[in-house]
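Read top to bottom, the protein sequences are chains X and A.
Going by the numbering used here, the residue at position 368 of the first sequence is 368; the numbering climbs one at a time, nothing skipped.
Going by the numbering used here, the residue at position 74 of the second sequence is 74; the numbering climbs one at a time, nothing skipped.
Errors might be hidden in some of the hints.
Since copy identity is lost for identical chains, a pair holds within one copy or between any two.
[To be verified] Distance condition first, Cα-Cα at most 25 Å in a straight line; then the derived DSS-like pairs of lysine-lysine:
no., residue 1, residue 2
1, K318, K195
2, K276, K420
3, K161, K318
4, K220, K254
5, K420, K195
6, K161, K335
7, K276, K254
8, K420, K407
9, K162, K318
10, K161, K185
Everything labelled a hint here was simulated from the structure, so no lab data went into it.
There are 2 protein chains.
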Amino acid sequence: MTLSVSGGHGAVERINRFLRRIITGRYPHQQQQENNHPKQNSKRFEQENTKTQQQKTNKTIQADDRRTPHPKSVKPRRLAVSGRCRKLRLSEENRQRMASSGEEVSNKQLIFRDYVTGFPQESDMYVTTGTVKLKVSEDSNGVLLKNLYLSCDPYMRILMKKQEGVGGFSSYTPGSPLTGFGVSKVLDSRNPEFKEGDLVWGITGWEEYSLITNPQVLFKILHTDVPLSYYTGILGMPGLTAYAGFYEVSSPKKGENVFISAASGAVGQLVGQFAKPMGCYVVGSAGSKDKVDLLKNKLGFDEAFNYKEEHDLDAALKRCFPEGIDIYFENVGGKMLDAVLLNMRPHGRIAVCGMISQYNLDQPEGVHNLMSIIYKRVRLEGFGAPDYFPQHPKFLDIVLPYIREGKIKYIEDIVEGLEKGPGAFIGLFKGQNVGKQVVVVARE
Amino acid sequence: MTLSVSGGHGAVERINRFLRRIITGRYPHQQQQENNHPKQNSKRFEQENTKTQQQKTNKTIQADDRRTPHPKSVKPRRLAVSGRCRKLRLSEENRQRMASSGEEVSNKQLIFRDYVTGFPQESDMYVTTGTVKLKVSEDSNGVLLKNLYLSCDPYMRILMKKQEGVGGFSSYTPGSPLTGFGVSKVLDSRNPEFKEGDLVWGITGWEEYSLITNPQVLFKILHTDVPLSYYTGILGMPGLTAYAGFYEVSSPKKGENVFISAASGAVGQLVGQFAKPMGCYVVGSAGSKDKVDLLKNKLGFDEAFNYKEEHDLDAALKRCFPEGIDIYFENVGGKMLDAVLLNMRPHGRIAVCGMISQYNLDQPEGVHNLMSIIYKRVRLEGFGAPDYFPQHPKFLDIVLPYIREGKIKYIEDIVEGLEKGPGAFIGLFKGQNVGKQVVVVARE
Numbered sequence: 001m002t003l004s005v006s007g008g009h010g011a012v013e014r015i016n017r018f019l020r021r022i023i024t025g026r027y028p029h030q031q032q033q034e035n036n037h038p039k040q041n042s043k044r045f046e047q048e049n050t051k052t053q054q055q056k057t058n059k060t061i062q063a064d065d066r067r068t069p070h071p072k073s074v075k076p077r078r079l080a081v082s083g084r085c086r087k088l089r090l091s092e093e094n095r096q097r098m099a100s101s102g103e104e105v106s107n108k109q110l111i112f113r114d115y116v117t118g119f120p121q122e123s124d125m126y127v128t129t130g131t132v133k134l135k136v137s138e139d140s141n142g143v144l145l146k147n148l149y150l151s152c153d154p155y156m157r158i159l160m161k162k163q164e165g166v167g168g169f170s171s172y173t174p175g176s177p178l179t180g181f182g183v184s185k186v187l188d189s190r191n192p193e194f195k196e197g198d199l200v201w202g203i204t205g206w207e208e209y210s211l212i213t214n215p216q217v218l219f220k221i222l223h224t225d226v227p228l229s230y231y232t233g234i235l236g237m238p239g240l241t242a243y244a245g246f247y248e249v250s251s252p253k254k255g256e257n258v259f260i261s262a263a264s265g266a267v268g269q270l271v272g273q274f275a276k277p278m279g280c281y282v283v284g285s286a287g288s289k290d291k292v293d294l295l296k297n298k299l300g301f302d303e304a305f306n307y308k309e310e311h312d313l314d315a316a317l318k319r320c321f322p323e324g325i326d327i328y329f330e331n332v333g334g335k336m337l338d339a340v341l342l343n344m345r346p347h348g349r350i351a352v353c354g355m356i357s358q359y360n361l362d363q364p365e366g367v368h369n370l371m372s373i374i375y376k377r378v379r380l381e382g383f384g385a386p387d388y389f390p391q392h393p394k395f396l397d398i399v400l401p402y403i404r405e406g407k408i409k410y411i412e413d414i415v416e417g418l419e420k421g422p423g424a425f426i427g428l429f430k431g432q433n434v435g436k437q438v439v440v441v442a443r444e
Numbered sequence: 001m002t003l004s005v006s007g008g009h010g011a012v013e014r015i016n017r018f019l020r021r022i023i024t025g026r027y028p029h030q031q032q033q034e035n036n037h038p039k040q041n042s043k044r045f046e047q048e049n050t051k052t053q054q055q056k057t058n059k060t061i062q063a064d065d066r067r068t069p070h071p072k073s074v075k076p077r078r079l080a081v082s083g084r085c086r087k088l089r090l091s092e093e094n095r096q097r098m099a100s101s102g103e104e105v106s107n108k109q110l111i112f113r114d115y116v117t118g119f120p121q122e123s124d125m126y127v128t129t130g131t132v133k134l135k136v137s138e139d140s141n142g143v144l145l146k147n148l149y150l151s152c153d154p155y156m157r158i159l160m161k162k163q164e165g166v167g168g169f170s171s172y173t174p175g176s177p178l179t180g181f182g183v184s185k186v187l188d189s190r191n192p193e194f195k196e197g198d199l200v201w202g203i204t205g206w207e208e209y210s211l212i213t214n215p216q217v218l219f220k221i222l223h224t225d226v227p228l229s230y231y232t233g234i235l236g237m238p239g240l241t242a243y244a245g246f247y248e249v250s251s252p253k254k255g256e257n258v259f260i261s262a263a264s265g266a267v268g269q270l271v272g273q274f275a276k277p278m279g280c281y282v283v284g285s286a287g288s289k290d291k292v293d294l295l296k297n298k299l300g301f302d303e304a305f306n307y308k309e310e311h312d313l314d315a316a317l318k319r320c321f322p323e324g325i326d327i328y329f330e331n332v333g334g335k336m337l338d339a340v341l342l343n344m345r346p347h348g349r350i351a352v353c354g355m356i357s358q359y360n361l362d363q364p365e366g367v368h369n370l371m372s373i374i375y376k377r378v379r380l381e382g383f384g385a386p387d388y389f390p391q392h393p394k395f396l397d398i399v400l401p402y403i404r405e406g407k408i409k410y411i412e413d414i415v416e417g418l419e420k421g422p423g424a425f426i427g428l429f430k431g432q433n434v435g436k437q438v439v440v441v442a443r444e
């Protein structure tokens with residue numbers, strides 16, 4: 001008998017299948033990293049570290065949402081709650097008991113209502129509570145996850161459209177939970193790669209518990225001396241995106257001129273900080289004065305501008321780059337891309353990571369200045385982090401020391417509670433988030 | 001004293017300066033090639049070979065224009081003409097006499113009237129006759145050329161627009177001759193790289209004689225057992241464009257699916273023939289039934305379609321490429337590019353060589369489907385032959401044997417006489433030419 005998660009998890013599996021296809025090899029868990037791996041039951045520092053990081057970076061991340069008490073929604077059904085520590089302890093005891101028995105518990109889920117056209121609304125998603133058995137079927141290869149942190153990523157909007165075969169992506173299924181990258185804890189596993197108690201990051205459901213029957217895009221977290229939520233961002237898909245997009249796709253050279261749009265976002269903030277140590281001149285665009293200040297004063301960008309206040313993007317770019325742009329890290333598309341094309345230097349590179357300005361349009365805007373790529377012999381290259389998953393361990397080797405030594409700043413925008421997921425997700429398209437948008441489902 | 005060519009030659013020099021900047025090294029004249037080089041005064045086979053090539057390929061190139069007698073316009077002033085052989089012999093004798101004395105002769109020129117908007121007209125150019133001294137000044141580094149074949153290339157339309165600093169290109173100067181690639185004979189030289197009697201290809205003026213004061217984009221022709229006109233096409237800039245665009249930019253793999261627009265043109269016809277021996281499936285688009293037949297029946301394309309008869313380009317591409325396109329060799333831009341973007345396979349490459357459909361538009365069409373390059377992780381790369389000039393000798397080593405052995409077909413569309421230049425050039429944008437459009441100024 002196969003244990004089931006109530007509510008469809010088909011979308012998770014489809015994403016997994018897609019990602020599996022495009023990953024060139026199996027994820028190489030590096031032995032040397034495992035040797036450094038703290039014991040699974042070692043003390044977790046994530047909360048202390050998160051606070052430290054907050055204090056180091058910017059007040060905007062010390063938002064009320066971050067201080068929201070652990071939401072009631074997270075408590076497993078039938079658990080007495082008398083304070084956070086007691087609740088967690090009891091939860092753990094009960095979880096173990098229930099896991100061994102395959103007992104059903106409630107499972108709060110964020111359901112995708114129906115295909116979306118135009119700007120997404122909170123009402124395009126709704127919360128429901130199903131049930132889940134906390135044990136994986138004996139004939140399964142799956143893992144049962146307790147989801148901790150969920151990542152709000154712009155690409156998810158693309159999956160809300162009804163479309164087939166767009167590069168292997170499948171749309172979300174109406175009536176099923178959203179899916180996306182997250183950080184989770186393994187409650188039960190029939191997969192030899194994972195065991196109970198493992199912390200993992202990868203594709204999971206927007207729900208309290210997810211059964212992942214084919215966990216190919218689930219990666220064990222081996223370093224827990226940094227905030228766990230970082231694996232939704234700087235240490236997860238967006239971090240790998242920034243790393244691959246800059247070092248691999250952009251072919252950067254010392255001292256080049258780098259422009260980054262959506263520069264204070266999850267990816268952009270990191271690209272700028274990768275470019276600076278190479279002696280690059282780095283300019284970012286963002287959508288508010290606060291974000292521009294953040295880029296210039298906290299994240300070490302040489303220059304930044306608020307695109308909403310520039311009536312002529314071409315002029316803004318010419319002001320910032322009188323000698324032109326060598327590398328454009330593209331996160332927004334549309335008018336910004338058109339303006340950038342006029343300002344590229346010969347043999348410039350455009351790493352096309354995303355086009356968030358276009359995701360809510362039924363008909364994307366036309367880009368008119370593509371002839372520039374001939375005149376300037378420019379390379380535009382679309383890419384996605386999944387192609388670089390096999391390089392993730394190498395990426396961690398590089399970026400973890402930077403984090404530990406405080407050489408890289410990382411800004412998160414955290415909301416507490418699955419119920420706040422829709423607002424947080426939609427906020428991405430309003431420029432509401434400052435830094436990486438994370439939804440906390442549970443802290444342990 | 002600097003000897004001058006009447007009429008401005010500033011545009012030639014500007015193009016030369018631009019190209020010089022982007023060439024990474026000096027043109028490496030290969031010694032081993034020089035060893036194979038027939039003596040400069042050896043019999044020329046180009047006319048015989050041209051006829052052979054005509055018979056081999058397609059009747060369309062046996063057009064009346066090709067059979068036009070040597071135009072009167074080519075005769076140097078003051079030369080008696082009594083039949084072609086006698087004329088050439090007398091011309092040579094007189095030229096030598098005049099060259100040594102620096103005598104002035106008439107110089108028919110095709111003048112660029114003024115900046116062009118919209119579709120170019122023949123009246124945007126006009127013929128005039130100036131004078132030229134047939135000797136280079138002693139204090140110059142230049143060469144004096146007698147122009148033989150001129151190349152009609154779509155990029156020239158871009159130089160007819162008034163614009164500054166488009167990737168280093170400078171517009172043509174109103175009142176000065178057009179410039180472009182051509183094949184010429186050196187009448188006099190103060191440059192150590194060239195000597196009287198050398199045959200060269202490179203940037204020259206649309207006129208009978210051109211003084212090139214800084215001949216950095218002039219390359220000695222070392223192999224004359226093929227038609228000289230080929231150095232405006234398969235052995236010159238368009239050939240190098242096809243070679244670099246396919247082998248270098250497109251990163252082809254055995255058996256991939258290749259689509260080529262403007263496939264019967266100077267570049268497209270070669271790309272298809274480069275792709276076939278790699279086991280690629282090759283489809284071309286062109287603008288007439290005759291061209292489609294040529295692609296399928298003469299040039300070895302697997303499939304071809306007339307884009308003017310397809311009301312839905314996306315459907316046409318899906319019909320030809322049910323599994324998608326790995327490589328698109330882009331010559332046209334606009335709607336075709338938009339349709340292709342919907343049909344690219346993951347990790348596809350688009351070598352962006354030209355966008356002829358856009359050159360006559362004041363505002364280029366918008367391209368809407370660029371998000372596909374993210375979904376499919378597609379690379380678009382603009383390129384130009386000048387970046388690959390240093391590889392030209394290697395290119396010749398590869399392509400010359402193919403030509404000699406008849407393994408590659410090459411179709412030219414030749415008109416006789418500088419006066420026919422405007423019509424031939426404008427014909428490029430009407431799809432009038434079948435194969436490489438060449439203008440004969442003189443045959444020797």
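Here is what the structure says about each hint:
Taking the shortest Cα distances, K318 and K195 never come within 25 Å of each other, neither inside one copy (55 Å) nor across copies (46 Å). In this assembly of identical chains, the alpha carbons of K276 and K420 never lie at most 25 Å apart, being 35 Å within a copy and 56 Å across copies at closest. For the identical chains of this complex, K161 and K318 are inter-copy neighbours only, at 22 Å across copies versus 36 Å inside a copy, given an alpha-carbon limit of 25 Å. Proximity of K220 to K254 under the C-alpha cut-off of 25 Å is found in neither arrangement, the shortest distances being 34 Å within a copy and 37 Å between copies.
For the identical chains of this complex, K420 and K195 are neighbours neither inside a copy (30 Å) nor across copies (79 Å), given an alpha-carbon limit of 25 Å. In the homo-oligomer, the alpha carbons of K161 and K335 lie at most 25 Å apart both inside one protomer (22 Å) and across protomers (24 Å), since each shortest distance falls under that limit. With identical chains, the CA atoms of K276 and K254 are at most 25 Å apart within one copy only, with a shortest distance of 9 Å there and 40 Å across copies. Taking the shortest alpha-carbon separations for K420 and K407, neither the intra-copy value of 32 Å nor the inter-copy value of 67 Å comes in at or below 25 Å.
For a Cα distance limit of 25 Å, the shortest separation of K162 from K318 across copies, 20 Å, qualifies, whereas the shortest one inside one copy, 39 Å, does not. In the homo-oligomer, the alpha carbons of K161 and K185 never lie at most 25 Å apart, since the shortest distance is 30 Å inside one protomer and 63 Å across protomers.
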